[in-house]
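First to last, the protein sequences are chains A and B. So that you can map any letter, position 353 of the first sequence is 415 in my numbering, and since no number is skipped, the others follow by simple counting. So that you can map any letter, position 137 of the second sequence is 199 in my numbering, and since no number is skipped, the others follow by simple counting.
Think of the hints as simulated: they come from the structure by calculation, not from any bench. Glycine residues also receive a C-beta, built at the ideal position from the N, C-alpha and C atoms. Careful, some of the hints might be misleading.
Pairwise CB distance ranges (calculated) [what the hints assert, rightly or not]:
| id | chain 1 | residue 1 | chain 2 | residue 2 | range |
| --- | --- | --- | --- | --- | --- |
| 1 | B | Asp277 | A | Asp85 | 39 to 49 Å |
| 2 | B | Ile88 | A | Ser106 | 52 to 62 Å |
| 3 | B | Asp85 | A | Ala411 | 36 to 46 Å |
| 4 | B | Ile88 | A | Glu217 | 53 to 63 Å |
| 5 | A | Ala80 | B | His245 | 47 to 57 Å |
| 6 | A | Ala135 | B | Gln98 | 47 to 57 Å |
| 7 | A | Glu159 | B | Glu338 | 57 to 67 Å |
| 8 | A | Ala135 | B | Asp346 | 29 to 39 Å |
| 9 | A | Val343 | B | Asp78 | 50 to 60 Å |
| 10 | B | Ala204 | A | Glu139 | 25 to 35 Å |
Protein chains: 2
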Amino acid sequence: MNPTRDVVQLTMELVDVASVSGDERILADAVEICLQTCAWLEVSRLGNTVIARTNLGRASRVIVAGHLDTVPAAGNESATLIQAGQPLPHDGSLAEEDLVFGLGACDMKGGVAVALRAAVSLENPQFDVTYIFYECEEVDSARNGLTILAARHPELLAADVAVLLEPSNAQIEAGCQGTLRAHIRTKGVRSHSARSWLGDNAIHHLGEVLRRLNDYEPVRVVIDGLEYREGLNAVGISGGIAGNVLPDEAMVEVNYRYAPSTSAEQAATHMAEVFEGFEVVVVDNAGGALPGLTQDALAELVRLVDGQVAPKFGWTDVARFAAMGIPAVNLGPGDPGLAHSRGEFVTCAQLRKCEATMFTWLAG
Amino acid sequence: MNPTRDVVQLTMELVDVASVSGDERILADAVEICLQTCAWLEVSRLGNTVIARTNLGRASRVIVAGHLDTVPAAGNESATLIQAGQPLPHDGSLAEEDLVFGLGACDMKGGVAVALRAAVSLENPQFDVTYIFYECEEVDSARNGLTILAARHPELLAADVAVLLEPSNAQIEAGCQGTLRAHIRTKGVRSHSARSWLGDNAIHHLGEVLRRLNDYEPVRVVIDGLEYREGLNAVGISGGIAGNVLPDEAMVEVNYRYAPSTSAEQAATHMAEVFEGFEVVVVDNAGGALPGLTQDALAELVRLVDGQVAPKFGWTDVARFAAMGIPAVNLGPGDPGLAHSRGEFVTCAQLRKCEATMFTWLAG
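Same shape as in the complex, but just chain A:
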């Protein structure tokens, strides 16, 4: 892997190293090797999270961060450079401009490429910079590399502001929504399916859970002029013992995405109300972050993107920095609507635009 040449080529190289959550070791090794070549960086590692810091005695310090992991593959494991007018691999539609197609291209190896190139290129930035390349962002927050870093080495997270290179169309996306996952469980009575009238089918009871999900109308909330948009979805469903048995247990896993003005506690209460009558077990709950753009520290960055700021729908680690008192925004290449889709890609133009913005901001 050679991060010194070109951001498009580096994005493709990063996509081609598989790094589904929990399996980031090989990619973390490759990133660490690149960073170790730079005399101006102090490199440390915790699990599959790699941290590289400048120590130039600057008046302020900024964090530039991105996660190394991706969701599971969907036939899109290999990076492909698609030129404008050529068909996309997953559905044959024609590319409107040059782009990199493949798992993680959008979420967020394009952003990792920009951060890695900044780290190895900018020997003399205007701020001290802490670059963080971390593991397990796409799974339980307990496994998240930043969670582990905050618990084990909080001193490495000290900073005045943070920029996360999560996909945001190379513009600033401010704040982020909260995310809660819960298991909605049904009970029944096990019996042989040949005499089903003697049992009570727990899977059939899931019908009411799915009815409520289908009837649910998510709200939209405007904060500081930015419209946040909630969502409530099943992300998993399971049940069954054998092909001739009525099961006595079944479960739907739901994911509730809630506006930053709703607290984690309020979100949990809301789920208990929506699924009243069922067992509701919250398995993961991370509150959002308010937009927080009023701080001076981010003013220069806002100017560099011509004041274009949008609300962030996905939960990102911006919330974690906000909770630590560090103003943070998302600014990364890629359309966030493509994240986790089979057709995930990032345009070459956004890679270059984001790189230019970040380099200009960091170089000063």
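For this one, chain A is given, so just place chain B on it according to the hints.
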């Protein structure tokens, strides 16, 4: 294992040897060893199916058969002898009479105990007898020991009548219902759950499948004075990719139990109608068997149970014998309504009654 002492004790010994479908080897070994001690039996084995035949030159030959496997355990792996008035382990209710509690006690290690005791006790039966102890009855019919035996050694299945010792309250249960399993699949569009409006949730589409299952009204069909009772149930449900992804595929596995007057083809057509608009893939379909009690060959057995005959709801290998032209009935200890339940048991009285009926019939 000592089959010569007592049917209750033997049932407990059989329960204590785990034999979930696919893992019958240890139990088949034990059964084979018992049979090999009897000079009047010609023993053969195919996989984990054990066959023992007398060759006495009798005018007719009967098959006495039972399956060795059980459904998966549910905290009821060990056999327990419960005396009348004592509490049952799974729910504390009081036993009305002496019984053996445990996985497979009802379906059908009690029946296997009766057959095994007959095999090792009756040196000189009035018919030639083919005892069959077979594997994988509780799973796909392609894995069923009788399927494999019919394909590889059909000569071992030649007989005038057959008795299956499936649980039937130690009375004759005639005919059997058909059973069909199908996967009902939904499709959607994968997306990040933070922007769910960009996707289409395949799990949510299962709501309509479950609605149809909940609304379905199974019919009852009277044949030869016996009332058969159909059923349509989900026996499995699955879907989900990751905790923050709307899945593009989800599935319900259904099990349709249909009256013996309905053909396997008609059953498949009915499922396509019930789940019209969804992808329906039939994965297992075994037609039923009409009661077939008009044959003289079974008259003596019917007389021995005082003419008490009930319809069989569960699919049993009676259908397989019926399809081969061999009149067959179920006659075994245990309440079929307890089969596959956590509270599975067989009463000592039924074990002894069934043993008496079978010994009287076979001995002549």
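Evaluated hints:
A hinted range of 39 to 49 Å for the beta carbons of Asp277 (chain B) and Asp85 (chain A) is consistent with their spacing of about 44 Å. For the pair Ile88 (chain B) and Ser106 (chain A), the supplied restraint of 52 to 62 Å holds, since their beta-carbon distance comes to about 54 Å. Between Asp85 (chain B) and Ala411 (chain A), the C-beta spacing of about 59 Å breaks the proposed range 36 to 46 Å. In this structure the hint that Ile88 (chain B) and Glu217 (chain A) lie 53 to 63 Å apart at CB holds, the actual value being about 59 Å.
Under the hint 47 to 57 Å, the C-beta atoms of Ala80 (chain A) and His245 (chain B), about 30 Å apart, miss the expected range. Between Ala135 (chain A) and Gln98 (chain B) the beta carbons are some 53 Å apart, a value that agrees with the proposed interval 47 to 57 Å. Look at Glu159 (chain A) against Glu338 (chain B): about 43 Å separates their beta carbons, and that is not inside 57 to 67 Å. Separated by about 31 Å at the C-beta atoms, Ala135 (chain A) and Asp346 (chain B) satisfy the suggested range of 29 to 39 Å.
Restraint check, Val343 (chain A) to Asp78 (chain B): a C-beta distance of roughly 36 Å breaks the suggested window 50 to 60 Å. Our hint of 25 to 35 Å for Ala204 (chain B) and Glu139 (chain A) holds, since their Cβ atoms are close to 34 Å apart.
Of the numbered hints listed earlier, those contradicted by the structure are 3, 5, 7, 9.
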